Amino acid sequence: MTAAFVYEFRMQARKRSMWIANGVIVALLGLLTANLLTDALDEPSAKVAMTSGAFLVNLILPVVYGCFLADRLVRDDKLGVAPILDATPASTAGRLSGKYLGSCAAAAVPLAIIYFGFAVLYAATAGHPVALAWAAALFAVVILPAVLFVGAFALVVPLLIPAPLFRVLFVGYWFWGNSIHPTLMPTLSQSLISPIGPYPLQELFGYGGPGGDVVLAGPVDDATLNFLRPAATAATAWLSIGVLLAVAALVLSAAPALRARTTR
Amino acid sequence: MRIEISGLVKTYKGKGRALDGLDLLVPTGMFGLLGANGAGKTTLMRILAGLLRPTGGEVRIGGYDVTGRAGRQAVQRVLGYLPQDLGVYPDLSAREFLDYVGLLKGIDDRATRRRRVGELLEVVALTGDADRRLRGYSGGMRRRVGIAQALLADPRLLIVDEPTAGLDPEERIRFRTLLSQLAGERTVLLSTHIVDDVAQTCRELAVLAKGRLVFRGTVDDLTRRADRRVWSVVTAGPAPTGGTVVSALPVEGGLRYRVVASVPPAPDAEPLAPTLEDGYLALAQPGAAEDAMRP
Amino acid sequence: MRPTDLWRYEVRRAGWAALLTPPVATAALLLLALLDGGDDTDRTLLAALEMVLPLAAGVGAASLVGRDPAVELQLTVPTSYRSTLLRRLAVTLGWAALLAVLVAGILLATGGMPQERGALSGQLVWLAPTVWLGGLGFLAGAAFRSPAAAGGLVTTWWIVQQVFPGLLQGRDWSRTLYLFETTRGAVPEGWAANRLTLVATALVLAGLGWALLGRAERLLREEAE
Ligand SMILES: Nc1ncnc2c1ncn2[C@@H]1O[C@H](COP(=O)(O)OP(=O)(O)OP(=O)(O)O)[C@@H](O)[C@H]1O
Ligand SMILES: [Mg+2]
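So the protein sequences, as listed, match chains A, B and C. Per UniProt numbering, the first sequence starts with residue 1, numbered consecutively. Per UniProt numbering, the second sequence starts with residue 1, numbered consecutively. Per UniProt numbering, the third sequence starts with residue 1, numbered consecutively.
Pulled out of the complex, with its shape left as it was, chain A reads as follows:
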């Protein structure tokens, strides 16, 4: 499993295109959000600054990240590496989890660089070193579950449908399942299984949206699927994280069977 982790991490981290693409995206975003960024750096509370940073990172970057991971498993089979790897003594489950964690970790590196880069910049300009601690906490509790959740789908679903179709449906889902207000149409946003983490953001970090006055999580009047939106408390925030990780594990557990089907 560790071998698979290291291999996968290296393979993914060596892809120059991944770095360039991330660089281009960051440059574009930076250009567009320059004034937002200066606002954020002026924010007096380190906690608020870091939380809104995490919110923004989680809103956009998992899309890039999901696209990158979308063909990892299929590629092994296409390149014919799979039979070689299958013949190695490591167990299928161990290798799969190594592969999963390795590629997630590698694809999350640019994301971490961006987020912690912002944290360091803020800590330095605002003189609040505590921002780094907040950033670490937010990364672990909000960004990491999203990364693991998206990673599982991005590895497994392309075994069923072509990678380009997955990318299109995935970004559509991301918009629909995270940003659409629940009263507009049935959506998963603001619910326990919204991967951008509305429950932890609101309950554990007191985040109230970009203006500070928005309810991110919990039941919404007149919305469907409210059974997925229990009252927002610290307990349901942790529950939400658990649900995301459980769904990821469930999706991954389907991978061996699906792979056997596609490579046959």
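No lab work stands behind these hints: they were computed from the structure. These numbers were taken from a predicted model, which means no experiment stands behind them. Careful: at least some of the hints might be erroneous.
Here are the in silico distance ranges between beta carbons for each label pair [to be verified]: (1) A:S45 <-> B:R53: 51 to 59 Å; (2) C:A109 <-> B:G68: 52 to 60 Å; (3) C:G118 <-> A:L36: 33 to 41 Å; (4) C:T183 <-> A:S45: 32 to 40 Å; (5) B:A248 <-> A:R10: 34 to 42 Å; (6) C:P3 <-> B:R132: 47 to 55 Å; (7) C:P69 <-> B:G106: 39 to 47 Å.
Straight-line alpha carbon distances no greater than 30 Å define the calculated BS3-like cross-link-like pairs of lysine-lysine that follow [as the list claims (entries may be wrong)]: (8) B:K210 <-> A:K15; (9) B:K210 <-> B:K13; (10) B:K210 <-> B:K15; (11) B:K13 <-> A:K15; (12) B:K15 <-> A:K15.
Virtual Cβ for every residue (Gly too), placed ideally from N, Cα, C.
With chain A's structure known, arrange chains B and C with the ligands on it following the hints.
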């Protein structure tokens, strides 16, 4: 078409030189290219096919300079190229794949293309499987599709990179015979690790080592490099040292070794008549390299 | 003009994966709208026209370079590989365009198209974002030679415009590059300028991609991935 190469250098990013000042003249006809793994054969062939741009030096094929766009296009119009690892489109059948390549090669007339594809499928003995998808082809069958593809547009220059790797003996012999027959007024550049293929088809050949030319001459010249250097030793003890063991055959009283060495590897060693393979191995030995460039 | 047979093969190269993406993505959106009670089908179709079909076209265009098993052969034939890629781009965009014309036709027939758009100018609703994302995808594909990276760029650009429409619409120069000016535009009189700027810049993007594809060696060098 003559290929004239002078001072050819190719450097891959972050690596040493894959080709290091190569001078070589390839005349019309069949020409063999030998060399160890990583010697630079594929790099040379890719430059000739217009796939890679040389870092330095000159390459002229039939008078065209392949480093320029116009020259490259002129050469590609008469080129048949079989890459070392030919990828195919798995969803196409062999017939469709060849038909598609024919279109890419500019055979626009459908009837001409059909006829040509049919002929070549016959030549590589794939007619029976021609309408199966390539996905289900064996490695050797894919190579045969690759061979057929290279011959499609009746090329005047044929560059084939290890074409016989993975073919069964019958197919291999059929194919190398076909290449010889094709040669005539065409230029056929054949790279291979199967020395016997060169011995059976080429009059002239070159040997590369680490991006340099270490031999250029006829098959007989190279075979003669091993004159008085091939020995037969029978022993039950350890393998003879001080030379290159070509083969070890179990016989009564131990193993019979065939050894290429400048001095007899044992007092009772018997001299043998050299083959091209012995000559090739002798090239790599000290004492042989100095005079290798002398024709 | 090359024979139609060649085009037939390029359609097959695009494969069912590429051909399936635009209709499936549109169907997914319609399904979602249906779940919601389906009371505003026109708006859904308009969204499909300006947002979903262009996205599918863009991701398709981003997947053209970098996964061709026979690239080494393609680069040695007299038909230049970049013209082959351009043919494949035309197939990808053409298919999305075909569906888009169909959807636009439905909208024009049912009166779901915004009032001020006629049968002809209504086509700019989809044409502008489709060629723009297609051009971006083609350029990114040529630059990265990795469908994953190129697709990531296209989808990110798309979602940024969805989530932060204000970012681009806030300034005059960037508003002309906003992709969803029909469905989410704030300044109606800028619509035509927006559409034409998108089409013009799309041609620039595709031209840059074309230039990048000129060097065979770059295409041959498989990325370490
Ligand atoms: N794309 C590449 N990038 C970097 N180095 C390369 C590349 N292709 C080849 N090389 C290096 O160039 C040298 C020559 O390689 P080449 O493939 O030409 O050898 P070869 O004679 O064809 O070997 P083989 O018999 O194994 O096919 C090798 O050292 C190889 O590592
Ligand atoms: Mg080689």
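For each hint, the structure was consulted:
no.: 1; hint: A:S45 <-> B:R53: 51 to 59 Å; verdict: holds, 57 Å
no.: 2; hint: C:A109 <-> B:G68: 52 to 60 Å; verdict: holds, 56 Å
no.: 3; hint: C:G118 <-> A:L36: 33 to 41 Å; verdict: holds, 39 Å
no.: 4; hint: C:T183 <-> A:S45: 32 to 40 Å; verdict: holds, 37 Å
no.: 5; hint: B:A248 <-> A:R10: 34 to 42 Å; verdict: holds, 41 Å
no.: 6; hint: C:P3 <-> B:R132: 47 to 55 Å; verdict: violated, 25 Å
no.: 7; hint: C:P69 <-> B:G106: 39 to 47 Å; verdict: violated, 22 Å
no.: 8; hint: B:K210 <-> A:K15; verdict: holds, 29 Å
no.: 9; hint: B:K210 <-> B:K13; verdict: holds, 17 Å
no.: 10; hint: B:K210 <-> B:K15; verdict: holds, 13 Å
no.: 11; hint: B:K13 <-> A:K15; verdict: holds, 16 Å
no.: 12; hint: B:K15 <-> A:K15; verdict: holds, 18 Å
The structure fails to meet hints 6, 7 from the earlier list, while all remaining hints are met.
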